[in-house]
Amino acid sequence: MSTLLSVSGLTTRLLTPAGLLAAVEDVDFTLDERDSLGLVGESGSGKSVTMRSLLRLLPQRAEVEGSVRWRGRELVGLPENALRALRGREIAMIFQEPMSALNPVLRIGLQIEESLKVHTDLDRAGRRARAVELLALTGIPTPERRLDDFPHQFSGGMRQRAMIAIALAASPALLLADEPTTALDVTIQDQILHLLARLRREMGMAMILVTHDLAVVAESCERVAVMYAGRIVERGTVRQVFAAPRHPYTLGLLRSVPDGDRPRQKLRSIEGTPPGLGNRTRGCAFQPRCGFATAQCATDRPPLADIAPGHAAACWQAGRLTDLSREAA
Amino acid sequence: MLSIGYVLKRLLQIIPTLVFIVVVTFLIVRLLPGDPASAILGDKATDAEVARLHAEMGLDRPLIVQFGNFALRVVQGDLGTSTAVKLPVGRIVLDRLPATLLLTVMAAFLALLLAVPLAFVAALRQGRLGDTVIQGCFQVGLSMPVFYVGLILLTVFAAGLRWFPVGGYGDTYLLHLYHLFLPALTLALSLAAVLMRNLRTAILDALTADYADFARAKGLPTRVVLFRHVLRNALISTVTLFGLNIGTLLGGAVITETVFAIPGAGRLMIDSIYARDYPTIQGLTLVLAVLVSVAFLLTDLVQASLDPRVAQ
Amino acid sequence: MSAGALPFEPAKATPTRRRKLALPGALIAGLLILAFSLTLAFFPSLFAPFDPLKFDYKAILKPPSLAHPFGTDNFGRDMLSRTIHAYTLDMQIAFFATIVPMLAGTAIGTIVGYYGGLLETLFGRLVDGVITFPFIVLVIAIVAVLGPGLANMYVAIGLVGWVFYARLVAGEMKVQKRLDYADAGRVMGYGDMRIAFRHLLPNAVSPALVYWMTDMALCILLGTSLGYLGLGAQPPAAEWGVLIAGGKNFFTTAWWISIFPGIAIVLTGLGFSLLGNGLAELMKVKR
Amino acid sequence: MRYRWSALIALVAAMHVGTAAAVERGGVMTFGRYADSLFLDPASTEVNVDIWILSNLYDTLILPSDDGKGLQPGLATSWSFSGDNKTLTLKLRDGIKFSDGSPITSADAKWSLDRTRNPDTGAWASLYESIDSIAAPDPSTVVINLKHPDPALLPVLTAFASAVMPSKLIEATAGATLADKVKAFAEHPVGSGPFKLQSWKHDAEMKLVPNPYYWRMGEDGKPLPYLDGVTFEVIPDDATRILRLKSGELDASEFIPYARVEELKNDSSLNMELFPSTRIEYVALNVRPELDGKPNPLANPKLREALNYATDKDAIVGIVTHGVGTPMTSFMSTATPLHVGDKPLYPVDVDKAKQIMHEAGLDKGVKVTLMTLAGNEDEVGIATALQQMWKEIGVDLEIQQIDNATRTAAYRAGTFPSRLSLWTDDIADPSEITSWALYYPAVQSFHTGWKNDKAVEIFQASQKEMDPAKRQEEYKQLQEIFNSEGPTVPLYETPYPVALAKRVQGFNQLPLGNNLFAQAWLKK
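Chains as they are written, first to last, in the working numbering: chain A, 1 to 329; chain B, 1 to 312; chain C, 1 to 287; chain D, 1 to 524.
Among these hints, one or two may not hold up.
Just a sample of chain D residues kept apart from chain B, beta carbon distances all over 12 Å, derived [to be verified]:
| hint | residue |
| --- | --- |
| 1 | Lys464 |
| 2 | Ala501 |
| 3 | Arg503 |
| 4 | Gln505 |
Simulated crosslink set (DSS-like; lysine-lysine; CA at most 27 Å straight-line) [stated by the list, open to error]:
| hint | chain 1 | residue 1 | chain 2 | residue 2 |
| --- | --- | --- | --- | --- |
| 5 | C | Lys62 | D | Lys352 |
| 6 | C | Lys58 | D | Lys470 |
| 7 | C | Lys54 | D | Lys476 |
| 8 | D | Lys470 | D | Lys86 |
| 9 | D | Lys110 | D | Lys69 |
| 10 | D | Lys476 | D | Lys86 |
| 11 | C | Lys54 | D | Lys110 |
| 12 | B | Lys86 | D | Lys207 |
| 13 | D | Lys343 | C | Lys58 |
Label-pair ranges, simulated between beta-carbon atoms [said to hold, decoys possible]:
| hint | chain 1 | residue 1 | chain 2 | residue 2 | range |
| --- | --- | --- | --- | --- | --- |
| 14 | D | Lys364 | B | Leu27 | 38 to 48 Å |
| 15 | C | Arg198 | B | Gly77 | 50 to 60 Å |
| 16 | C | Leu118 | B | Val74 | 20 to 30 Å |
| 17 | C | Asp192 | A | Ala218 | 25 to 35 Å |
| 18 | B | Val75 | D | Lys502 | 51 to 61 Å |
| 19 | B | Val23 | D | Val49 | 51 to 61 Å |
| 20 | D | Val49 | C | Thr253 | 20 to 30 Å |
| 21 | D | Glu187 | B | Ile64 | 29 to 39 Å |
Hints were generated in silico from the structure; no laboratory data involved. Glycine included, every Cβ here is placed at the ideal spot set by N, Cα and C.
Bound-form chain A, shown alone (with noise of 0.2 Å):
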């Protein structure tokens, strides 16, 4: 399959009350066609602003570097009319706060034919058949009466649906989607994970998927892309990684969550926390919580370096990283 989306370099500032500052440093990957990548790490990591990067969907000051590349076509620096041409028809975006991403004072039926209005030529009547056929799709019970009523009307995972509903108006190519499930219980999260997974397979819709929760891109995703500081330390396909995280940070994490086949055993955390947008340090950004830290890591940053075919980590140790973590068990 051709690849769909190609980033490198990516750098993005935002204005702080310190001034422009990079909230996400450097970053490189790519996605191919129906192809499905998780982007994960701790709050403060960059991996939102990495994914509203994409789209510029940023505050009014911000700056983006780098290339990023839909289908052979350059974005950064893309007029912003052009820009929005394209999103919603060929990027979609959802977010995580269904409650406040819906407009509360107008109808749901309206905010999907709106996108319907700008991306299709469908007349008054298609248009809101059409909204029907969504909510139907996303699994909205009644989709004709519900039409008319208002976002505070529907329940946490109605609303989620029907958001869901109104991203895919214009059948996108890529669905970006920022900790679509963190604001839900655990039972309607995984409703909404199987319903993006068939959504994903009857529209041939590739997918990013932005989430602190590791089980969330196990579960959903192909490939995943760890991120730490506003850099990617470690890239690869989700059974690679989770078998042998390269990184300690990845490390790290896989240790903090309960594995469900494996007896009893002791979770451990990861001391300390990420450092602000100010204070990155020349090293790597990790090494002051990274139990196998060398001198060298302090000083010089450790390039994201290819360990097996479609496989990275940013670290000096990435090689021996398994043998060192048995010795340390």
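Position chains B, C and D against the provided structure of chain A, taking the given hints into account.
Chains B, C and D alone, transformed into the frame defined by chain A:
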């Protein structure tokens, strides 16, 4: 969105408010020192004449009886006769009300016309020059006494540039609007300042809200994002604020009418208080209270239509 | 009050997202202006070159000069001294006209907001009544009953002003009382009053405090309007409203009489609103 | 002794020189007023806003001369007293009509005067108490029988309250009582004056148009008035009124604040007129021994004398009236007939005042309260000036700003400590102000409680004294008594400041305040 039940409920709520206002006015007026008869007859009248007028006005009867008569007649639509100009209060109030209504409606319209676009500009250019200049001007506008602003506008635009007449009210409907522009602008300035500041904050919050991001992510044109999504949400709190300030707008009309020589109900109220013209004070207060309650209800309904969560 | 339209602007508390650019600057600027105003209010004679009441028949209506930087009024009194001495009265107005309504309104708002039910509907009608009634007319009527003078003006404003605070606090209290920490209080066996005042009020009071700042500026403006109607501060005391009203007739010939007190009002009003913005910023309240 | 007035009239007419410029007819004059009229009924209205324009709607049997001091024929062409001065016979002009064309007869005059002099229907009945009865033997003769000779009768007959009204029309108007009939009639009045009311939008605009049947002739031999109409506009704010005048939207504006008289004098497009007036400003001091239970310091004549000498009238004239006013030379204004006195009363002498305070044992100072009108610039100015001047001699003056109704109630009840007072005469005769000022049985001398038996005695005599010389002498004594020990602090007199556009000619305001438009005309 607006259920009839909600509208009816709100309409019924006006009744107790009106009763409260009528009773309060009736009592306050009776507390005013200085017997109205002597206020009307002035220094030179003899005591006999004062006593005669006092009895004629029925002021010697107990309060409850006076209130009974007043309430009875109000129900029949008779607001009594003004002791100052010896004309039925109903007719005077009807004669003077249009000027004040027109003035306050125009002022409200101008206030919104000023506040909404400027709040948008200030919000979109948050922190930059445009924002500080707009906020600064409104801060000055808010702190200037109404009569002073009125005087400046009159001197510059009316007497100076002759764009507008110097006060007065004109005869035809069109002339009314032409005459009332400057006073309405004077009255609108302070209200616009309040609305602008509130709306600017509301727009800032709406701009950064998720539904705005989602709207942009849907690729909707900026116009749709700003008006249908951002402004519509931001206006809700501003409409409530507007409702709260209607009584104040009317209060401001009192001075504006004096400065611009407009024969409005505001000035009639002040003259009546000074002349201890009980019937006119009571009648006018009741009429004004009804109008303000209706206006208050209208803004409530507008808000309910804007925000479905309220009307349920 | 002005009878000039004195707009009231209650803040509305809704959950907000943390704003990127905190603005403590507004608070600092506000405090600076407030400090400046209070110093002049407490020690006017230190800064005022002349006695504010002293006539000088030979110096009637003199334009600004070295001797009289703000010029003189139609009694030959020095306008700079009168504007400075007016700080004493006007800061009094700002504080005394608002402190009682703020405290009373907050207390009533807490109780009404906490208990709700019939009390709340009754309160709602009372609030509608007070808001619907043209405020300036009520003040003038009350001042006419009690006679002009600042003390009566405080009473007049107080009788009406508390409603806005009560309405704000009641609204916020309804939100706070549904939160978990209110139930926690009940679980711990605290009485209603203790929960309402010790626990809920500190979180519910912020919009009222922010509004208090604006209210202070508005009360000074109200003094100006009453001054225009002759019901404000009594002569020969210096108060900005009275000074501006006094200078009205010399508007074209002796503009300085009204301009400088006007500037003082703008500056003080600016101080209060900056303070309000800063406070709102600090307590994450939407102004 | 038959004394025919007609000889005197010829003399007065001759004096009236008037500008020789040819009169131009037509045009409507707009006149800016500070307040609107309330109730245009000559018999029952009390307020100046009504009184000062009534003379344009109604004529009286005898009219005041143009300088307001003398008389001239009105609806009556001639009048004469009987020998014993107890009967006045007036001959009506023939062919005179009301503004609706109906004839004016002696019955109308009798009906009007009877209504005015009846205390139940006339607010000014006390001025007519000398009249016993009125007869109308034939349509053109009115005979007034008096209880006693009354020197003030003729000036009283020129007053607004003596207006001749259409009796038949009023009686025919719908209404339960006479008062209701008058109220209905007052909305569309029919009068005998130079103008009639065309429209009246309260507190905004009143339009007068010429009375087609008016009897009086202009200089060009055609009936008065010269104008096509007068439009009154109500503009309460002084500054706005002047702005409107300067921008040409008004032809004239009354009550120019003193502070701006100088400025308008230098304005080439305007005539700043200062019409002589009977308007006086004074402080009335309550002299009763006790005031609400406490001893009243002002009861001590020494203190009153000290206050008078401590008051610098010239300074107050300078500060408050910006030099437009003049210090008072007697308790009545110089424009009041029989006024005596050429030098200002109590010229300021602070040392003498201190000396008097010392003699009266008041060195340690005394507290006095003054009631002033809330919002009235002039009164605030005077009060502030007095406060500072009296402080010099140890008198601590507390200023109490209250609204008019409250002050009037305290004034009438005699419970006011002291107050600022303003007075304008209503008739061109000193008897009105004198009865208020010193005739105790009337209103206890300006309600102050001051009583001087000798003054009361002389006043009663003067009320019946027909010999002008003797009456002059009596008034001379009355003024000497009052000016030396009266219960007031006289301040100043002021003219009526009216600003007129250059094109306005012939407009006149009498010392009594009446605004006369009959002989006004607009130069093209």
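- Query: Can you name, in rising order, the numbers of the hints this structure does not satisfy?
  - Reply: 5, 6, 7, 11, 17 and 19
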